[in-house]
Each structure stands twice: as C-alpha cells, then as structure tokens.
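K.L.:
In order, the protein sequence lines correspond to chains L and E. Just so we're aligned: 355 in numbering that gives the first Met the number 0 is position 356 of the first sequence, and the numbers increase by one with no gaps anywhere. Just so we're aligned: 246 in numbering that gives the first Met the number 0 is position 247 of the second sequence, and the numbers increase by one with no gaps anywhere.
Bear in mind the hints are in silico, worked out from the structure with no lab data behind them. Hints are supplied without guarantee of correctness; some may be wrong.
What the hints assert, rightly or not - Footprint (simulated), chain L over chain E, 3 or more residues, beta carbon under 8 Å:
1. 110–122
2. 153–163
3. 295–301
4. 324–337
Stated by the list, open to error - The following residues of chain E were derived to be distant from chain L, with all beta-carbon distances above 12 Å:
5. R144
6. G259
7. C316
8. V366
The C-beta atom is built at its ideal place from N, Cα and C for all residues, glycine as well.
For reference, the chains in residue letters:
Number of protein chains: 2
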Amino acid sequence: MSHDFRVGIAGLGTVGASAVRMLARQDEQLTARLGRRVRVTAVTARDRTRERGFDLATLTWFDDPVALARSGDIDCFVELIGGEDGPALEAVTAALETGKHVVTANKALLARHGVTLAALAEKKGVSLAFEASVAGGIPVIKTLREALGGNSVSRVYGILNGTCNYILSRMEAEGLSFDECLKDAQRLGYAEADPTFDIGGFDTAHKLSILTSLAFGTEIDAEAIYVEGISSISPIDIRMADELGYRIKLLGVAERTKTGIEQRVHPTMVPKSSAIAQVMGVTNAVTIDADAVREVTLVGPGAGGDATASAVVADICDLAAGGAGPAFGVPVGALRKPERAAMRMHTGGYYVRLTAYDRPGAAASIVTRMAEADISLESIVQHRSEDAAQRDPSGRSGAPVPVVLITYATTEAAIRKAVDKVIGDGHVAEAPQVIRIERE
Amino acid sequence: MSHDFRVGIAGLGTVGASAVRMLARQDEQLTARLGRRVRVTAVTARDRTRERGFDLATLTWFDDPVALARSGDIDCFVELIGGEDGPALEAVTAALETGKHVVTANKALLARHGVTLAALAEKKGVSLAFEASVAGGIPVIKTLREALGGNSVSRVYGILNGTCNYILSRMEAEGLSFDECLKDAQRLGYAEADPTFDIGGFDTAHKLSILTSLAFGTEIDAEAIYVEGISSISPIDIRMADELGYRIKLLGVAERTKTGIEQRVHPTMVPKSSAIAQVMGVTNAVTIDADAVREVTLVGPGAGGDATASAVVADICDLAAGGAGPAFGVPVGALRKPERAAMRMHTGGYYVRLTAYDRPGAAASIVTRMAEADISLESIVQHRSEDAAQRDPSGRSGAPVPVVLITYATTEAAIRKAVDKVIGDGHVAEAPQVIRIERE
Numbered sequence: 000m001s002h003d004f005r006v007g008i009a010g011l012g013t014v015g016a017s018a019v020r021m022l023a024r025q026d027e028q029l030t031a032r033l034g035r036r037v038r039v040t041a042v043t044a045r046d047r048t049r050e051r052g053f054d055l056a057t058l059t060w061f062d063d064p065v066a067l068a069r070s071g072d073i074d075c076f077v078e079l080i081g082g083e084d085g086p087a088l089e090a091v092t093a094a095l096e097t098g099k100h101v102v103t104a105n106k107a108l109l110a111r112h113g114v115t116l117a118a119l120a121e122k123k124g125v126s127l128a129f130e131a132s133v134a135g136g137i138p139v140i141k142t143l144r145e146a147l148g149g150n151s152v153s154r155v156y157g158i159l160n161g162t163c164n165y166i167l168s169r170m171e172a173e174g175l176s177f178d179e180c181l182k183d184a185q186r187l188g189y190a191e192a193d194p195t196f197d198i199g200g201f202d203t204a205h206k207l208s209i210l211t212s213l214a215f216g217t218e219i220d221a222e223a224i225y226v227e228g229i230s231s232i233s234p235i236d237i238r239m240a241d242e243l244g245y246r247i248k249l250l251g252v253a254e255r256t257k258t259g260i261e262q263r264v265h266p267t268m269v270p271k272s273s274a275i276a277q278v279m280g281v282t283n284a285v286t287i288d289a290d291a292v293r294e295v296t297l298v299g300p301g302a303g304g305d306a307t308a309s310a311v312v313a314d315i316c317d318l319a320a321g322g323a324g325p326a327f328g329v330p331v332g333a334l335r336k337p338e339r340a341a342m343r344m345h346t347g348g349y350y351v352r353l354t355a356y357d358r359p360g361a362a363a364s365i366v367t368r369m370a371e372a373d374i375s376l377e378s379i380v381q382h383r384s385e386d387a388a389q390r391d392p393s394g395r396s397g398a399p400v401p402v403v404l405i406t407y408a409t410t411e412a413a414i415r416k417a418v419d420k421v422i423g424d425g426h427v428a429e430a431p432q433v434i435r436i437e438r439e
Numbered sequence: 000m001s002h003d004f005r006v007g008i009a010g011l012g013t014v015g016a017s018a019v020r021m022l023a024r025q026d027e028q029l030t031a032r033l034g035r036r037v038r039v040t041a042v043t044a045r046d047r048t049r050e051r052g053f054d055l056a057t058l059t060w061f062d063d064p065v066a067l068a069r070s071g072d073i074d075c076f077v078e079l080i081g082g083e084d085g086p087a088l089e090a091v092t093a094a095l096e097t098g099k100h101v102v103t104a105n106k107a108l109l110a111r112h113g114v115t116l117a118a119l120a121e122k123k124g125v126s127l128a129f130e131a132s133v134a135g136g137i138p139v140i141k142t143l144r145e146a147l148g149g150n151s152v153s154r155v156y157g158i159l160n161g162t163c164n165y166i167l168s169r170m171e172a173e174g175l176s177f178d179e180c181l182k183d184a185q186r187l188g189y190a191e192a193d194p195t196f197d198i199g200g201f202d203t204a205h206k207l208s209i210l211t212s213l214a215f216g217t218e219i220d221a222e223a224i225y226v227e228g229i230s231s232i233s234p235i236d237i238r239m240a241d242e243l244g245y246r247i248k249l250l251g252v253a254e255r256t257k258t259g260i261e262q263r264v265h266p267t268m269v270p271k272s273s274a275i276a277q278v279m280g281v282t283n284a285v286t287i288d289a290d291a292v293r294e295v296t297l298v299g300p301g302a303g304g305d306a307t308a309s310a311v312v313a314d315i316c317d318l319a320a321g322g323a324g325p326a327f328g329v330p331v332g333a334l335r336k337p338e339r340a341a342m343r344m345h346t347g348g349y350y351v352r353l354t355a356y357d358r359p360g361a362a363a364s365i366v367t368r369m370a371e372a373d374i375s376l377e378s379i380v381q382h383r384s385e386d387a388a389q390r391d392p393s394g395r396s397g398a399p400v401p402v403v404l405i406t407y408a409t410t411e412a413a414i415r416k417a418v419d420k421v422i423g424d425g426h427v428a429e430a431p432q433v434i435r436i437e438r439e
C-alpha cells in the first residue's frame, strides 16, 4: 500500500475547498500515519475561476462530475455536489461501477439511494463512506459502526439540524418569536432563503434515517419517519417548558419498541438537566443508548465548511488505510427490513397547551376528557394574564387563556383522541399545541 | 480473511467476563460486519472456579498469562491483568514478540511503556490497541486517532476519573465534606480502599498522558504532568464556585502553548454553562479543541465492566477487520519528543481563597500584593459569617474570615509569588486554596 491514494473531489464549495486545503496542510502527519500519501489529483466544480485558497493548476480539472468519477486516475471519488438525484447520483454510481471508493456528505442521496449504492459498492469491492452526512464534524457514524459494535442499541436521538437549534435557542434566550429568529438565522447564513427543508424537519429526517440503519442493522426507511417541524413553537411554549423544567429541542429519535422501530422527528421537551438540553445554537449532539455503554453523547459542530471537511478527510483516510467495512455496518444482504412502529403506538409523556375560554367548567371538562382517555396528568398549569385578572376577577370572562397539561406516559393515539374530544366540546379557541416529552 | 479471529483473554474480572459474553451475544452481527468470526479461544485468570456467566469448558485454560500470550492458537491477546509492570508487561511483550495483536485497558502500563510497546508492535507488524484505557466506553482514542485525523489539536481536556467526579458532584449536591463523600464512594464500590490513586489525580494523569500523545503526535511523557488531587477541596470552595458561576471538576488538561505542551491534572473551575460542567457523578467526558471542528465533546461511562468491555470489543473488531494503524497515530519513529511547558508558565485565571484575620488593613494588604505581582482581579468576595458580624459589628475582631479572589489571566509564577507574600505578611490563618480556572 505504498502508492499514493488519489482523490477526486466533485464540488468545491466551502466543504470541498476546505478538504483540499486540509489534506495539504496535514500531508506530513497523514502520510506518516497511513504509510502512503493522500493526494487530491482531480476536481470538478461549477465555477473554475473562484478563489479558493489553493492552486487549481496542479490538479486535473473536469467539467463533468461523471467524467471525473469514471477517470482512471483516482482511487476515491468525493461527492459534494448535493441533491438526492441528478448529477450526484449519476456520479456516485459511475464511481462505484468503475471501482472507486466513494465519500459523500449527501444525506438526501443516502436517505433515498443509500442501500442500493451500498450494494453496488459491495459488488464492486469498494467502500461507501459518509461520516460528513450526519452531524458534520461529530464522528457519530464511526461511533455507531465501529466503537459501539459490541453493543445492542436501544435508542439513538439527537439535535441534527443547527438551524432549528439556533432558532429555538434564540427564542429561549431572548424571548423572540419564531419568525424573528428565522429572519436572523437567514441574515446570518444559518438558514436558506427557502427554509422549509430545515425548519420542517426534513433535513433531520434524512440524517435520522441513516443513523437508524446503522443503529439497528436495518435498511434505510426514510419514508417511515414521522416528521413535524418547529414553526408552530411559540414563545409561550418556550416559557412554559422553562417553568416546568424542560427545554424544547427539535430531535430526531429512533427507538426500538415492542411493536417495531419508531423513527420520529418533532419538537421535543427534554429535561433541562439532560446533556442534550445544554446544546445551544448551531451545535449538534447525538445520544446513543445501548446495552453495554448505557449512554454516550457526542457534541460538536453540525455544519460549517471546516467541520464537515474534517469528516470527509477522516473518511478518505480510513479508505486510504483500507479500513472501511460495509457501509451500514453489515453487508446489505444482512440488513433487516425495518419493522415500522406506528406513530399512534408511540408511548411517552406529552405537553398539551390549550387555549381555553375562561369560563366555568372549561378546565373540568378538559381534565375529564383526559381521564376518559386514561391519561394521567403530572401537572396542570393555568396562568391567567394579569390583564385578564384585572378586567375580570371572577374568572368568567370567557377570554381565551392558556391551559397547559403535562401527562405521564400515554400513547399518541390516546392523546389525539382526547384532544379531538376537547376541541369538539368547544372549549378551545385555537388548535392545541402538542409537544412530546423525552424524559430520560 | 475468512478464518476465525482467535482471541485470548488474560483477566476475567468484570471487564474480561463481560467481553466474553458480549462477543458471544453479538456473534452473528459481528461476523456479518467483519466477514469473519471473532472467537474467544483461550483464557487465563486468577480463579478458575468463579461463576462468570459462561462456560469455561469450551475454552482453553492457561494458568500463566505469558504462556497464553505465546500460544500459537490465538491471533490477538487481550490484557486485563493490570499493573504497570509485572505479569501485564511480561505477557504483552510476549504476545507482541510472538506476532499477536494486543488489546489492553491498562493505562498505567501504557503511561510507562506505551512507546516501547508500540515500537515492538510495529517491528512485528502487529497492532497495539487501547481504547478501553481512557474513559471506558467513550471512543476518545478512535476519535483522536481517526475521526479528527485532518485536524490540528490545540487542547484536549476532560473528566477522566469517575471517583473524583462522583465525590465532587455529591459535595455540591448535598453540601457534604470531602471525607463524607469519599466514604460513601468506598461503600458504593466507586472508590478503592486505598483511594490515593484516584483522588490524588494519578489515574487521571496516566490517562491524560495517552491522550496527549495522540493529540499532539508526541511520545508519552507522563512524568511531565503536573498533578494535584481533590482532597483539599472544601464545601466552601464548592459554594463559592457556585456563587461565582463555576463548578469544580478534576480535569486532565493537555494544551499546546507558546512554550511547549502543558500537561496538568488539578481541580479546575469551569463555567457552569460549559458542556463539561454538566457532567455529574461517575460519568466521564472529554473535550477536544481542534482547528477544523473547533470543539467536540464526548460524554459517557468512564468505568464499569460492560462499558469498558464495549471498548475492548471495539478494538478486537478493528483488529479483526485489519484496520488498526500505528498505536499513537503515527509510527513511533515519527512521534516527536514533547517540549514540556513549565507549570510556572501556565497562564489562566485563578480562584484564590484566603482565610484572613478580620482586621483593618488585611484586605488592602492582600489586594496590594496582587497588584504588585501585576495580577488583575475580576472579583473579590468576602462574606463575614452572620455569627462573626453579630459578635463584632465593627469588623475588627481579628477572627479568620474567608476572602475569595478571582483573577484575570495571569501566570502560575505570579500567583505563587503573590500568595507567598500574603502568607509572609501574616494576614492569613491557614494555607491558601488556589484553584485554576478553565474559562472556555
């Protein structure tokens, strides 16, 4: 293994350019460690003229990613193009078909075609590596696949989208509305002009689908994920969570349950004392619950050119060292079909915020509906605004007031049924807010 | 690589026995992943008759670890004997000399002989793996060596000893004294009958020496570590830290400074909002500061049979997959001699608690001594006890009262000089408490 490991990079945005510079900067160290040189030999990008902090002249330029992927002059193809189909898929397929290892940061591609691509890689005797696709610079793929290989995982969950965590953190710290924080995130470059993909939870879902496969040895099943975004979270939810000892995070959760594997992405209340609750701003974090280690949490940068490039370079080095195993931990043939747990079977605590008309009997009726659905309440909080109390000391004004219920463990089905009944009773002025609680 | 990977285990305490059971339990999964079976074929332990949850009859028994290490029937020798010399060293040396891979959890052995053993492994073309030697089930070795390979590390620090963190956590949570908490830790099996090794910081130092080598590509230099334990920490320090926004943790810190590599183990005040401050009880945590990822923190179980066995099994699997590189990241010949930074050159903030006689001029004199040593103070806190205030409203009783100073960044040399002067002035009743602050 003494010849150079030749790398072709498709996509020279912040990640690609950073990876090229990093490999040059760490050349001596990496060569010593790997016993061979890792050398970027060829690149392709949309714009050949942009200044990227290194000299393109020493590299072979390709106009077409597929041509680069098929080139006989590389051992490893790095896909940083993006998109779940189109050029990214074509180029990765071409690279694997022509016997090159592939490194990609493309979670959308993996969520959709990961298993097919892994099978192709196996057939061709090459590797497909994707540490950078989930949680940027945090080595969660390596940890699940290699470090916890002796464990049986029961749950993996995390903050996998920095944009959402930034927005929720700012809403809490400054009491701002969702819309104000989103605007700031866009201004600072943390959110796209069209933020749907991030704030709708879809980016988190793509990443979660990859973690689920690695954690449970199952085929990727992104369509099974229950997805709820953060746009309905209001300052009052953030305040109530705080008062009750919780913080709201957008979590991706994959969990082995009695009825199958639950995969869900939704705003979640986590105890303020938990490790995941401490993670603020654009930082990501993943917690893995497993039989031997109990709980391991990894915290770090979920995005950014250098952090993501760090993961890309780690993958390249593993491949150069000949050390990558099957993409999803076991060969594709050994991946199990995931048994999907229906979301209505989800069991856990719930935060339910109702905007109830302030009149006699409303609270009693709400609590009765919960009891009818066999839901036990841990707490009930009703804060009448000072305004309302002054206007109407009798508590019979009929003005809408927030009523918050925290339940003990119950099922999604029971909660939905009870909430529907409460709506039907006509006591609430707005659509209720329901937030799941992840207690430990 | 289709023949079985045969493992011999020396030491069947909680870790060894757990590793045997784990490999059996995960057999199918691991075989699928590695493309070969990992099979424990031979063992040795002090007691052959103890019940360990598996049948010894199917395994070859050795009375002597060295004989097991030399046996031709194993590919990998797992050392779980302990001790920095003696049978552990003999057996590991024998295994490497006869061409077996070695997996060890023995930080004392590595701190003393790690580089020599790594050189022997290289010479024989085998690997020396030791994920379990630092922070139990947390994959910090793999993260430093593989996942952050493209990074230049500037600092690595962590809570590496669960006993100390348990004691400090309980002192804070319950206002108990160090001695009370130590006794409880012993009763619960978290501390040894002779706790010196843990509470004196020596266990943390061994682990730190390994992290330093991996982080900076230098030879292990355990003797260079400045070590201070936690036995001098009193409830008043814990309370004052809390009041000032800090928490006290026993940290191992390795840092690249202008004058060389600083390695130190001491009680440290960390901001309550930091990730490391959230780590309570026997849990361990390591933070790595590096150029590309900025900051990555790993949190998890630092000890325990199953958690440590998880790391042992991960190492075994990496070796079975053929994927381990040089023990300390680069070949021994490429490890640099560490340039030691003198502790007196350490620069940082300090907490200084003086027990000063309550009389006119004492505080002024102390503050003057600090100013003379060019030390700027961030805060000065003097709480007279209610008792003292009642007895003597004039503030001239001469009774000892605590005075706490928090400094801006200064040097260890300056602090020591200033504190010596204060002692010389005769204003303090007891030896001052000095605790370093790690601000970010």
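K.L.:
Indicate, hint by hint, whether the structure satisfies it.
P.N.:
Evaluated hints:
no. : hint    : result
1   : 110–122 : violated (count 0)
2   : 153–163 : violated (count 0)
3   : 295–301 : holds (count 6)
4   : 324–337 : holds (count 6)
5   : R144    : violated (8 Å)
6   : G259    : holds (19 Å)
7   : C316    : violated (5 Å)
8   : V366    : holds (35 Å)
Checked against the numbered hints given earlier, the structure breaks hints 1, 2, 5 and 7 and satisfies all the rest.
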